[in-house]
Amino acid sequence: MIHSLFLINSSGDIFLEKHWKSVVSRSVCDYFFEAQERATEAENVPPVIPTPHHYLLSVYRHKIFFVAVIQTEVPPLFVIEFLHRVVDTFQDYFGVCSEPVIKDNVVVVYEVLEEMLDNGFPLATESNILKELIKPPTILRTVVNTITGSTNVGDQLPTGQLSVVPWRRTGVKYTNNEAYFDVIEEIDAIIDKSGSTITAEIQGVIDACVKLTGMPDLTLSFMRWESERILSFIPPDGNFRLLSYHVSAQNLVAIPVYVKHSISFRDSSSLGRFEITVGPKQTMGKTIEGVIVTSQMPKGVLNMSLTPSQGTHTFDPVTKMLSWDVGKINPQKLPSLKGTMSLQAGASKPDENPTINLQFKIQQLAISGLKVNRLDMYGEKYKPFKGIKYMTKAGKFQVRT
Amino acid sequence: MTDSKYFTTTKKGEIFELKAELNSDKKEKKKEAVKKVIASMTVGKDVSALFPDVVNCMQTDNLELKKLVYLYLMNYAKSQPDMAIMAVNTFVKDCEDPNPLIRALAVRTMGCIRVDKITEYLCEPLRKCLKDEDPYVRKTAAVCVAKLHDINAQLVEDQGFLDTLKDLISDSNPMVVANAVAALSEIAESHPSSNLLDLNPQSINKLLTALNECTEWGQIFILDCLANYTPKDDREAQSICERVTPRLSHANSAVVLSAVKVLMKFMEMLSKDLDYYGTLLKKLAPPLVTLLSAEPELQYVALRNINLIVQKRPEILKHEMKVFFVKYNDPIYVKLEKLDIMIRLASQANIAQVLAELKEYATEVDVDFVRKAVRAIGRCAIKVEQSAERCVSTLLDLIQTKVNYVVQEAIVVIKDIFRKYPNKYESVIATLCENLDSLDEPEARAAMIWIVGEYAERIDNADELLESFLEGFHDESTQVQLQLLTAIVKLFLKKPTETQELVQQVLSLATQDSDNPDLRDRGYIYWRLLSTDPVAAKEVVLAEKPLISEETDLIEPTLLDELICYIGTLASVYHKPPSAFVEGGRGVVHKSLPPRTASNESTESPETAPAGPPSGEQPDVIPAQGDLLGDLLNLDLGPPVSGPPLATSSVQMGAVDLLGGGLDSLIGGPNFVTPPAAAVPANLGAPMGSGLSDLFDLTSGVGTLSGSYVAPKAVWLPAMKAKGLEISGTFTRQVGSISMDLQLTNKALQVMTDFAIQFNRNSFGLAPAAPLQVHAPLSPNQTVEISLPLNTVGSVMKMEPLNNLQVAVKNNIDVFYFSTLYPLHILFVEDGKMERQMFLATWKDIPNENEAQFQIRDCPLNAEAASSRLQSSNIFTVAKRNVEGQDMLYQSLKLTNGIWVLAELRIQPGNPNFMLSLKCRAPEVSPHVCQAYETILKN
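Those sequence lines, one after another, are chains A and B.
Sequential numbering from 0 applies to the first sequence in numbering that gives the first Met the number 0.
Sequential numbering from 0 applies to the second sequence in numbering that gives the first Met the number 0.
Rather than coming from a laboratory, the hints here were simulated on the basis of the structure.
Cβ coordinates follow ideal geometry from the N, Cα and C atoms, glycine included.
A hint or two may mislead.
[Stated by the list, open to error] Here are the simulated lysine to any residue pairs, SDA-like style, with alpha carbons at most 25 Å apart:
(1) A/LYS395 x B/ASP367
(2) B/LYS34 x A/PHE93
(3) A/LYS20 x B/ILE117
(4) B/LYS321 x A/LEU251
(5) A/LYS319 x B/THR400
(6) B/LYS326 x B/THR278
(7) A/LYS392 x B/LYS358
(8) B/LYS326 x A/PHE93
(9) A/LYS395 x B/ILE117
(10) B/LYS358 x A/SER243
(11) A/LYS392 x B/ASP367
(12) B/LYS92 x B/LEU62
(13) B/LYS326 x A/SER243
[To be verified] Computed footprint of chain A on chain B; a stretch qualifies when at least three of its residues, placed anywhere within it, have a C-beta under 8 Å from a C-beta of chain A:
(14) 65-79
(15) 159-171
(16) 389-397
(17) 799-805
[Unchecked claim] From the derived model, a few chain A residues whose C-beta atoms are all more than 12 Å from chain B:
(18) LYS210
(19) ASN302
(20) MET390
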C-alpha cells in the first residue's frame with residue numbers, strides 16, 4: 000500500500016514528508032526531480048515514475064507536487080485518488096492548500112495524514128469523520144485552546160464510522176433546517192476554424208449544502224432522468240457532492256457562444272492582423288457573463304497592439320499569452336478585440352495557429368436541460384428550506400483558428 | 000498563532016531546551032514541547048535523542064498528547080529498540096481501555112513499531128483485538144496482522160493470526176471484511192503460492208454482499224480480490240458480473256477500473272450469443288469515457304488501460320473516437336496516449352475526422368507530439384486502405400512546410416506506406432528527394448536510403464544520391480550503414496553497368512574498415528553472393544517482401560490476455576507482466592483469462608472451437624528499423640517450425656525399453672531396495688549424477704531411456720501424528736514403472752507389525768501394484784526402506800489439487816491417514832513424443848483458451864542441457880528453432896491416461912528466466928506440468 004508521502008514545491012524543495020510504514024529516504028525523490036527537470040512544465044511531469052526499488056506516483060495541485068511512494072503492486076488509480084483526497088481535505092481544513100498554509104498547520108496536517116492512512120490502508124477519508132477526529136483550526140479555537148489547554152483532537156469514537164450510514168454523524172441538530180443544491184455544468188468543446196463543433200461534452204455535478212436535523216431521507220425528482228427520474232439518499236452533514244454526470248460527445252450538446260476570428264500573419268511584412276468577436280449562440284435567453292478569452296500566441300509574435308470594444312486585455316511578450324477579460328456579452332453590441340501584431344522581421348510565417356481558450360458563465364441554466372422538479376424529505380417531521388441553483392460554465396472550451 | 004513557530008532553525012541548545020520542557024510539570028508546556036518535537040520530525044530533523052523524555056509523556060489521559068507521542072514512537076522506535084520496550088505496558092493497557100477509540104489507536108500504533116523484541120509482546124493484545132466486540136477495533140486489528148507479517152512473518156503464522164484473518168472475511172461488518180481482504184491480499188503478495196485467499200462460492204457471496212456496504216477503498220480491495228477468482232461456469236460468471244456492474248458508476252475512478260477488470264475477465268467466460276454479453280459490452284463504454292473527464296493523472300492511468308481494452312475488445316469504444324481528441328493544453332503524457340488510442344480506433348467510418356485532427360496536431364508546438372501525429376498519419380494509411388491516398392497527400396503537405404522534424408517523420412512513414420502499397424505512390428519520390436539534405440536523423444536517413452534503393456530503377460540519379468551518403472559512411476549510425484549497403488547492392492543488381500565501382504566501394508567499407516560484425520557479415524554475404532552467383536543474389540536481395548500488417552505496436556495476444564487480468568495495476572500502466580518489473584525475488588503467479596465454459600458442456604468437448612487465430616499465425620508487425628532489410632536474413636526462417644526432425648521412431652522405443660531394462664538391472668539394480676543409509680537418491684537418469692549417470696546420458700542420446708528426476712524424500716506423516724510411526728517418501732519413475740519409495744521409522748517404544756497400505760481414489764488412478772511388504776517387525780528406532788510399485792489402473796476421481804494423493808497406512812497400532820502431492824512427471828510416459836506434423840496440427844487445433852503461460856525463473860541451463868534433462872523425464876523435444884536470438888523448444892509429453900500436453904519453451908541466452916507455454920485439452924493439468932518442468936530443470 001502507500002508507503003510515504005512527500006510534498007514538494009515547484010522549486011524542488013521537500014517541505015513535508017510522512018511515512019506510514021518504515022521510513023523511505025527522501026533521496027528517492029531524486030528520481031522525481033530528474034523527471035521534473037526533463038519536463039518543460041510542471042504539468043507535464045509524468046504521474047508514474049519507476050525507480051529501482053519504488054514507484055513514485057504524483058499529482059500536481061496548487062503548485063505543489065504530492066508524491067506518494069509505493070513499493071509493491073498497488074492500483075495506481077487508488078493512490079492518485081487518495082492523493083486528490085488529501086488535497087481536498089487540506090483545502091477543506093484550511094480554506095486554501097498552499098505551502099505556507101501547510102507549514103503553518105503542520106501538526107494538524109500530520110495528525111490528519113495519520114488518520115487518513117494506517118499502514119498505507121485508507122482509514123478515515125470522509126471529511127465529515129476526519130473533522131470529528133481532528134477539529135479544523137479556527138482563530139477562535141486556537142485562542143480557546145491556548146487559554147484552556149484543550150486540543151484539536153476529538154476524544155470520541157467517530158460515531159458515523161460504524162453505523163450503516165458511515166458518512167453521516169449522528170445527533171445532528173439545527174435551528175434552521177436548510178437544503179441547497181447547485182447544479183453545475185461544464186462544457187468541454189473543441190470548435191474548428193470554421194466554427195463547427197468537432198466534439199462537445201458536458202461534465203455535470205450536483206453539489207449540495209444540507210444542514211438538516213436528525214436522519215432525513217431525501218428524494219430528488221428530475222425532469223430528465225432514466226426511467227424513474229428520482230434519486231433517494233440520506234445526505235452527509237454539510238457540504239458534499241451528491242453526484243457527477245457526463246453527457247457524452249455522442250449527444251447533441253448546445254454551444255452557447257461563438258467566436259469569429261481573423262488572424263493573419265503575412266509572410267513578408269512584419270505586421271499581422273488580429274481580430275476576434277465573441278457572440279451568443281444557443282443561450283436559451285440567458286446572459287453570458289464572466290467571459291475571458293485567452294490565447295497562446297506563436298513565438299514569432301513580438302507584441303500586439305489591440306483595442307477592445309469592452310473589457311480589458313493584456314499581452315505578455317515573454318510568455319506570449321494574450322488575455323482579454325470581456326465580462327458580459329451584450330447581444331446588441333458584440334464585444335470585439337482588434338488590432339495589429341508585430342512579428343519578428345525576416346522570420347517566416349509561424350507554423351502553428353493559436354488556439355483560443357474561452358471561459359464563461361451562464362446563471363440559471365443547465366445547458367443539458369437537466370432540471371430538478373421537486374425535493375421531498377422523509378424520516379423527519381419539520382419543514383426544511385429548500386433551494387436549487389443552476390449554472391453553466393466553460394470547461395475546456397477551445398476554438399481553433 | 001500558527002505552527003510555523005515550531006520551525007525555528009535548530010540551535011545548539013534547542014534539544015536541551017525541549018528536554019526541559021518535556022519534563023515540565025505543566026501539562027500545557029509538555030504538550031507544546033511534544034508538538035515542537037513532532038514538527039521537527041516532520042521536516043526531517045533528528046530528534047531521536049529525546050526518546051525517553053517523549054515516551055514519558057505517553058501515560059496521559061489527554062488523547063491528543065497520546066496521539067502525538069504515538070506518532071513519535073512509530074518514527075523512532077526502530078532506532079531505540081531498548082527504550083521502545085518501555086512503551087509495551089502502555090500498549091497492553093490501552094488495548095483493554097473501555098473506549099474503543101483508544102483500543103483501536105493502541106493496536107494501530109503497536110503494529111507500526113518495527114522492533115522484533117517488542118513484536119512478541121504484542122501478540123496477546125492483538126489476538127484480543129481481533130475478536131473485539133467493536134468492529135472498529137476489529138478492522139484496525141486486521142490491518143495490524145498485515146503490519147506484523149511484514150515484520151515477522153513466521154510469528155504471524157505460528158500464532159495462527161492468518162486463520163483468524165481468514166475468519167474475518169465472514170465478519171458481519173463490511174468494513175471488517177474489506178480490511179481483512181486487504182490485509183490478506185497484501186500478505187499473499189509475499190507468498191504467491193500460498194492459498195490465503197482461497198475463494199469459493201460462499202466466500203464470494205460474502206464479498207459481494209460486503210461490496211455494497213463498505214467504503215470506496217474497501218470496494219477496491221474486494222473487487223481486486225474477486226478478479227482473482229475463477230467462476231466454475233458461465234452462469235456463476237454472469238451472476239457475479241451482474242452484482243459488480245453497479246460499481247461502474249462509482250465516483251472513485253479506482254473502484255470503476257477495478258470493476259472493469261472483473262467484468263473484462265469474467266466476460267471471457269460468457270458466450271457471445273448471450274443477450275447479457277451485449278448488454279455488458281454496452282455498459283462498459285460510459286464509465287471508461289467518464290474517466291477521461293477526470294484530472295490528467297487519472298486520465299493517464301485510464302488511457303493506458305483503455306489502450307489494452309481497445310486491443311482486446313475494440314467493439315466497446317468504437318463509437319467513442321471523439322473523446323480521445325486532444326485538447327491543446329492537455330499534458331503531453333495524456334496527448335501521446337490519446338493519439339495512440341485514436342489510431343487503434345481508426346476505421347473507414349471515422350478516418351476523415353481522424354485525419355483532419357491529426358493534421359491539426361501536426362502544426363502544434365510540442366515536438367514529440369507533432370512527431371507522433373505525423374507518424375500516426377502514416378499508420379492510418381496502412382490501416383485503412385481507402386484513406387491511403389489522402390494520408391499521402393496530407394504527408395506531402397506537411398513535407399512542404401519544411402519544418403525539419405516533420406519532414407523526417409513524414410519520410411519514415413512514407414517508407415512504410417511504400418511497403419504496404421508497392422508501386423502505387425512512387426510519384427512522390429521526387430518530392431522526397433528534394434529534402435535529402437535536411438535529413439539529419441538516422442531513422443529518416445535510413446528510410447530515405449531504403450526508398451532510393453528500392454526504387455533505384457525509377458530514380459535517374461540514384462547512384463549519385465547514394466554516393467553522397469557514402470562519403471561519411473563511418474560517421475553514420477549502424478542502421479544507416481546497413482541500409483546503405485543493401486541499397487547499393489540493390490542498385491547494382493538493377494543497373495549493373497554504371498555502379499560497379501560504387502558497390503565495390505561500399506563492400507570494402509563494410510567488410511574491411513568496419514568493426515561492426517553485423518555490417519561486416521552482411522557485407523561478406525553480399526560479396527560472396529555477387530561473386531559466385533549473381534542470379535541467386537538477385538533472387539535473394541530483390542526478393543518480394545512480405546506485406547506488412549495493418550496494426551502496429553500490437554501487444555502479443557498472450558501478453559495482452561495476461562495484462563487484461565492486471566487492469567488497474569502498475570502492470571497495466573507499463574504494459575508489462577508484473578514478473579518483468581516487480582521488485583525482488585518474489586515469485587509472481589501468472590494470471591490468465593478463464594476459459595469459456597458453459598455450465599452444461601464438458602470442458603473437453605471438441606465443440607469449444609478455437610477462438611481467434613492460432614498463435615502460429617499472429618499478425619506480423621512492422622519490423623523495427625534496424626532489421627528493415629532483415630527480410631533478407633530472415634529468408635531461411637520460412638515456416639514456423641523448420642528444424643530437422645530428431646531421429647527417433649516408435650520402433651526404437653521397444654528396443655530401448657529392453658536395453659533400458661537390461662541396463663537397469665545391471666546398474667540400477669539396488670534402486671528397488673536401497674540400503675537404509677542411502678543419502679543420495681538413486682537418480683540414475685538425472686544428468687547431474689555421477690560418472691555412471693553420464694554414461695547413462697549417452698545412451699539416452701541414442702534413444703530415450705527413462706529415469707525421471709527423483710525428489711529427495713520428504714516427511715509425509717510425522718511421528719507425532721501417527722503414534723510414533725514416521726513415514727517419509729518420494730515417487731520415482733524408472734523405465735515405465737512408477738513406484739513409491741517409502742522409509743518407515745519406528746519412533747515409538749513398541750514393535751510395529753502388520754503393515755498395509757491403501758490409496759484413496761485419485762485423479763490418475765494411481766494404486767499400489769503390490770501389497771506393502773515389510774518383512775520383519777519394525778522395532779523401536781529402526782528404519783526400513785521399501786519401494787512400493789504402483790500402477791495407474793485404480794479408480795479415478797478428480798482431486799483438488801489435481802495431484803493430491805490420500806493414503807491410509809495401517810499397522811498393529813492404528814490406521815493413519817495422510818495426503819501427499821505427487822510430482823506429475825512420474826506420469827509422463829515413455830512414448831510421449833509426437834510427430835512434428837501431428838504436433839503442429841494439434842497445437843493449432845487446441846483452442847487458445849487452453850493455453851497457459853508460465854515463467855520458470857532462475858534456471859541456469861542452456862537450451863541443449865534443458866532439452867536433454869527434460870528428455871530424461873520423458874518430456875520430448877519435437878523441434879527446435881531460433882527466433883531473434885531466443886531458442887524455442889517445441890515439446891510434447893503424454894500422461895498415463897493418454898492426455899497429451901504440448902509445450903513451447905522459450906529460452907533466451909543469458910536470461911535465466913524461461914517462458915513456458917502449455918497447450919492441452921485438459922488445461923487443468925498445465926500448472927502441474929509446469930511445476931514438473933520446474934522441478935526437473937532446477938534439480
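Hints versus structure:
1. A/LYS395 x B/ASP367: holds, 22 Å
2. B/LYS34 x A/PHE93: With a Cα-Cα distance of about 19 Å, the restraint between B/LYS34 and A/PHE93 holds, given a limit of 25 Å.
3. A/LYS20 x B/ILE117: Distance ~16 Å between A/LYS20 and B/ILE117 Cα, so the pair holds.
4. B/LYS321 x A/LEU251: holds, 13 Å
5. A/LYS319 x B/THR400: holds, 23 Å
6. B/LYS326 x B/THR278: Between B/LYS326 and B/THR278 the Cα gap is close to 31 Å, so the pair fails against 25 Å, i.e. violated.
7. A/LYS392 x B/LYS358: violated, 29 Å
8. B/LYS326 x A/PHE93: Measuring from Cα to Cα gives roughly 33 Å; hence the hint is violated.
9. A/LYS395 x B/ILE117: The given pair, whose Cα atoms are some 56 Å apart, is violated under the 25 Å limit.
10. B/LYS358 x A/SER243: Distance of about 34 Å is beyond 25 Å: violated.
11. A/LYS392 x B/ASP367: violated, 32 Å
12. B/LYS92 x B/LEU62: holds, 15 Å
13. B/LYS326 x A/SER243: Measuring from Cα to Cα gives roughly 22 Å; hence the hint holds.
14. 65-79: holds (count 5)
15. 159-171: violated (count 0)
16. 389-397: It is violated: at least three residues are needed, and the stretch 389-397 of chain B offers just 0 whose Cβ sits closer than 8 Å to chain A.
17. 799-805: This one is violated; 0 residues, fewer than the three required, reach chain A with a Cβ under 8 Å.
18. LYS210: Holds: least Cβ distance 22 Å, greater than 12 Å.
19. ASN302: Holds, since 19 Å exceeds 12 Å.
20. MET390: Given that every Cβ of chain B is farther than 12 Å from that of A/MET390, nearest at about 17 Å, it holds.
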